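Given the structure of chain H, go ahead and fit chain Z onto it with the hints provided.
If you read the sequences in order, they're chains H and Z.
Using this note's numbering, read the first sequence as starting at 170 and increasing by one per residue.
Using this note's numbering, read the second sequence as starting at 14 and increasing by one per residue.
Hints were generated in silico from the structure; no laboratory data involved.
Keep in mind the model is a prediction, meaning the values are calculated, not measured.
Idealized CB from N, CA, C, for every residue including glycine.
If a hint is listed, it holds; no wrong ones were tucked in.
What follows is a set of in silico ranges between Cβ atoms, one per label pair, in the way DEER data are often shown:
| id | chain 1 | residue 1 | chain 2 | residue 2 | range |
| --- | --- | --- | --- | --- | --- |
| 1 | H | Pro199 | Z | Phe87 | 29 to 37 Å |
| 2 | Z | Val66 | H | Thr275 | 27 to 35 Å |
| 3 | H | Thr280 | Z | Asn84 | 41 to 49 Å |
| 4 | H | Asn230 | Z | Thr51 | 23 to 31 Å |
| 5 | H | Glu240 | Z | Lys91 | 38 to 46 Å |
| 6 | Z | Arg77 | H | Pro283 | 41 to 49 Å |
| 7 | Z | Ala15 | H | Ile229 | 15 to 23 Å |
Covered stretches of chain H, going by a simulated chain Z footprint (3 or more residues, C-beta under 8 Å):
| id | region |
| --- | --- |
| 8 | 214-220 |
| 9 | 270-277 |
Here is how the chains run, residue by residue.
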Amino acid sequence: AQSVTQLGSHVSVSEGALVLLRCNYSSSVPPYLFWYVQYPNQGLQLLLKYTSAATLVKGINGFEAEFKKSETSFHLTKPSAHMSDAAEYFCAVSVNFGNEKLTFGTGTRLTIIP
Amino acid sequence: DAGVIQSPRHEVTEMGQEVTLRCKPISGHDYLFWYRQTMMRGLELLIYFNNNVPIDDSGMPEDRFSAKMPNASFSTLKIQPSEPRDSAVYFCASSSPAGTDTQYFGPGTRLTVL
Numbered sequence: 170a171q172s173v174t175q176l177g178s179h180v181s182v183s184e185g186a187l188v189l190l191r192c193n194y195s196s197s198v199p200p201y202l203f204w205y206v207q208y209p210n211q212g213l214q215l216l217l218k219y220t221s222a223a224t225l226v227k228g229i230n231g232f233e234a235e236f237k238k239s240e241t242s243f244h245l246t247k248p249s250a251h252m253s254d255a256a257e258y259f260c261a262v263s264v265n266f267g268n269e270k271l272t273f274g275t276g277t278r279l280t281i282i283p
Numbered sequence: 014d015a016g017v018i019q020s021p022r023h024e025v026t027e028m029g030q031e032v033t034l035r036c037k038p039i040s041g042h043d044y045l046f047w048y049r050q051t052m053m054r055g056l057e058l059l060i061y062f063n064n065n066v067p068i069d070d071s072g073m074p075e076d077r078f079s080a081k082m083p084n085a086s087f088s089t090l091k092i093q094p095s096e097p098r099d100s101a102v103y104f105c106a107s108s109s110p111a112g113t114d115t116q117y118f119g120p121g122t123r124l125t126v127l
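Okay, chain H solo, but in the shape it has when bound:
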């Protein structure tokens, strides 16, 4: 079965610093991969997704992620952190195309230090 592992349940970075949130996946077939963001007291919102086109995917709010098959990774990055980036981030994988089911990671809480 497909799965994702998010390394680090809490990450803190200084405002203006690089944001790097790690996600590794396990799948026997080429996956679709997603990053979602959850702001306090809100539902999850799609940041970006990889669906076997370009390996470098750009999303909203300046985030991007790179699919690396050799490393089974899909890490999320942003060059310069902003205070408004403070939230919880979830990586997710789908391999059963057409049934729309996603498997989510355990989440990484990002804190921005002023």
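Okay, now just chain Z, sitting in the frame of chain H:
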């Protein structure tokens, strides 16, 4: 589009009472998902529907939980009788069958069982 709509946003009830959570998916979406989020267990998929038919209910914790989707624009998640350990945020999400597997989440219902 109004997005996924959930009601109520907050529910406080006493142990043993029946609780009904409601969801209206995005128009045209034919997949609907119910999730539960807690600090201890993270985000759990409870059940999902395709074209109003339950496809996978393996995540439903026990017989006290039931879900229905009587038509394409409405779904309910019922807990009867409720217990304190059911306290959580319950999310509804919907997606379209365009092969993208992208889910759109509602704002959630925060349930507190006293």
